[in-house]
Amino acid sequence: MYVADSRATQSSADGAVRPVAGRRRAAVAPAVLALGTVSLVTDVSSEMVTAVLPLYLVTGLGLSPLGFGLLDGIYNGFSALVRLVGGHLADRGGGRHKWVAGFGYAVSAVCKPLLLVAHSLTPIGLVLAADRTGKGLRTAPRDALISLSSTPEARGRAFGVHRAMDTAGALFGPLVAFLILRATVDGYDAVFTVSFCVAVLGVLVLVLFVPGGRSRTVPVERPTLSAAVRLLGRRDLRRITVCALLLGLATVSDSFVYLLLQRRLGVPDRWFALLPLGTAAAFLLLAVPLGRLADRVGRWTVFLTGHGALLGAYGLLLTSWHGGGLPYVVLILHGAFYAATDGVLMAAASDGVPEALRSSGLALVQTGQALARFVCSLLFGAAWTVWGDRAALAGAAVALVACAVFSLVVRPQRVKGPVAV
Amino acid sequence: MTTRNRVLILVSAVAVLAAIGLASVLHASARADRRNHVQAGGPSVAPGTVTLTGQGRMIFRNMAWGPHRDELTSVPADDPGGARVASGVKCLRFYAASGVGVCLQAVHGPVSDTYRALVLDARLRTLHRYDVPGIPSRARVSPTGHYAAWTAFVGGDSYAGTHFSTRAAIVDTRTGELIPSLESFRIVKDGHPYRVPDANFWGVTFAADDRTFYATLATGGSTYLVRGDLRSRTVTTLHADVECPSLSPDGTRIAYKKRVEGLPKDAPWHLYVLDLRTMKETPLAERRSVDDQVVWRDARTIVYALPGDYGADLYQVPADGSGTARRISTAAVSPAYVG
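For the protein sequence lines, the chains are A and L, in the order given.
Numbering-wise (my numbering), the first sequence opens with residue 1 and increments by one.
Numbering-wise (my numbering), the second sequence opens with residue 1 and increments by one.
If you anchor each label on the Cβ, the simulated ranges turn out as follows: (1) A:His322 - L:Arg231: 26 to 36 Å; (2) A:Gly388 - L:Thr126: 31 to 41 Å; (3) A:Leu116 - L:Leu263: 17 to 27 Å; (4) A:Leu208 - L:Arg326: 55 to 65 Å; (5) L:Arg231 - A:Ala382: 30 to 40 Å; (6) L:Ala18 - A:Ser226: 45 to 55 Å; (7) L:Val7 - A:Leu116: 27 to 37 Å; (8) L:Gly109 - A:Leu208: 35 to 45 Å; (9) L:Glu281 - A:Gly388: 35 to 45 Å; (10) L:His108 - A:Ser226: 55 to 65 Å; (11) L:Asp79 - A:Gly388: 54 to 64 Å; (12) L:His108 - A:Leu378: 32 to 42 Å.
Partial chain L-side listing against chain A, Cβ under 7 Å, derived: (13) Arg6; (14) Leu10; (15) Ala13; (16) Ile20; (17) Gly21; (18) Val25; (19) Ser29; (20) Ile135; (21) Phe153; (22) Val196; (23) Pro197.
For the record, the hints were derived by calculation from the structure and aren't laboratory data.
We treat Cβ as the ideally placed atom computed from N, Cα and C, and that holds for glycine.
Chain A with its partners taken away, still in its complex shape (with noise of 0.2 Å):
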C-alpha cells in the first residue's frame, strides 16, 4: 500500500495529477509535487545566499573569504554524517519523515536572519555549518517521502520531477539575489531578509501540503539503529551501495570538470561562473524524461548509461577538438549525467529498501556516494598534481569504466518491481 497511490487515484480530478503513457495509468504524487515545490522555493532562499556571500565577504565586509573555504571541508563531511542521523531519525518514529525533514527546513531557514548579525569569519562560519546540518537532516527523510508516495512503477518519474523542480529554484535564486542587489546599494541585509521569507514560506508549504500521516504497513516497533545496520545486509541494497561507491571514486567534482573544461578549450574567464548554469539548465531538461526512462526500461541501464554520459564529457575533454561547440556538448553531458543518476539512484535504491527503513537506507547510499566523490576529488587533485590535468582525468576515465562493468556484472536484482516488505 503506497500512500500517494490511493491519493491519486481518489485526486485525479486534481490538476496536479496527470495520466502518463505507459501501460498502467500513474502519476506524479500531489506529495511529489508539494515536496518539489518545497525543494524549488528553499533552493531559491538558499542558493540567493550563496550566490552574494562572496560579493558580501569581500565587498561587504572586507573579508579574505579565502580562509572561508578551509573550513569548508569539515562542513561537507559533517553534512555527509548529518545526513545519516536525519535518515535514521526519520524512520525511529515510524512515518515521521515529515516533522525530520521539516525541521532540517526550519533550521536552514532560521541561519539566514542570522547572517544579518554575524559580521566576522568564525560566525558566518557557525551559521553556514548549521545550515548545512539542516540540509543533512532534510535529505534523506524527504527522499524517503518522495519514494513513499509514488508507485514503484513511477518513481523514476517521481524523483526526475522532483529534481526538476529543485533545479529550477538552484537556477531562480541568484537571478533573485542579483536583482534586489540591483534595486538597492550593498543590500545584502535584505537579500537575507528575502531568503528568510523564501525558507519560511518552504517550510509552511511543507507543513501544509505534504501528508505526514503514518505509513499504514509500517511495523508498530520502532526499527533500531541496529536494523538500520543490517539493512546492508540485504543484497539489493548492498550492491546498490557498493556500486554507487565505486562509481562515486571515478566521478570527478564538478569543479575539476568546469576547470578543465576552461583550460582544455580556453573558455573565457568571464564565462567560468556561467558553466555551472549549463549543466543545471540540461539538468532541469532532462531530469524528467530520464526518470521516465528509467521506469521503463530499468533505473540500472539509465543510471550507468548515465555514467557513459560523463564519460562520453570525459572523452570530450581528453580529444583535442577545439571546436566551439564543444562546451556546450561536454555541459549538456555533464547534466545529463546528472539527470539520469541523482534521483535515479534514489529511484532504485528504494526498491531494495523495505518501507520501515527507506529513510535509513536512502541516507546510507547518499552517504557513501558523498563520501567517495569526497575521496575522488583528494585523490584528482593529487593525480593532478603528479601527473597533469590529462593524465589525471584519462585515469579517472578509465576507473569509470572499470566501475561501470563491474556495476553492470553485479547489477541489484530487482530494479523495477515493488518491494516486499
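Once you have looked at the hints, place chain L on chain A.
Only chain L this time, still in chain A's reference frame:
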C-alpha cells in the same frame, strides 16, 4: 484541516512574507538614497581635478556618504583629514605610482556585476582596459609605473559553494600586454621545481628594477612569500606564512599580514615586517587583525585600512615595531602616495 483552510493560511502567509521582503528591499534602497546625501560631520568633499603627479598628495577611494561616494579623491599627504578633492572616477580598489594608476571597477550589468581593471594615466584617462574574472581585491603599480598588478577572487558560482580561488594578473602598462594569471609562472619551492594545480597567488608588490616582484603563494593549505622574476617567468619561495606583502621604498623590507597561531579564526592576522637580508620578523604595534595589503607612506611608516563606520578607515603605524597605531582618515580605503 481542509484544503480551503490550508490555502487560506498559505495565502495570508505569502502576503505577510512578501510584505516583510518588500519592506526590507525598500529599506535597503532608501538607505542607498541616504548614502547619496552628505553625512553631517563627515569630511568635506568637492569636485575638482585629481592628477597622479600632484605634489605630496594621498589619493584614495572616498567612502564618505554623499554624491562623491566611491570616487578617487585626493588630500594633502601631510593633512589626510583635510578637504577632499573628488575626481569623478569610481573605483573599488586603487593604486598609483609614477603617474600611472590602476583602478578596479564594478560594471553594473542588468542582472549581475562584472569587474574590470583600468590602467590610468596621470590625468586619470584610461590607457588600457581589462576584464577581471571575479571580485577584485588587491591593486599595485610598480615604482616606475611600468607594471601594474591586481588580484581577484574567483568563485561565486552557486555550485562551488564557499571554495574560492584567486587570480593575480600583471600587465605591462607601456605595451598593454597582460599576464592573466601568475599560475602560468614556474614555481621553485625550497630549491626544487614545484608543479601543483592548487597554487593561488595574491597581493603582488613590485621592486624598482622592473623585473622583481613579490607575492603570496598559497598551496596545500600554507602560504608563502615568493620572489618573482618577470623575465624568466619564475617565482621562488622565500618564507612561510606571509600574505599580502608590500615592499618598502628602499626594497629591503616586506610588510605583510601573518596568520598567527592562537588568534581567533575570524581575526587571525597580525602585521609584521620582514627584513629581506636577515629574514628577521618584527611584529608591529597594531594590535588588531588587519586584512589589507599595506602601503608604505615612507621608509618608516606604513598605512592600512581597518573596517570603520563608513566601510573603512585608514591607520598608520611605525614600521619598526615601535609606537602605536593612529587613525589618519575616516571613510577611506586603498591609499596611494604620489608626488
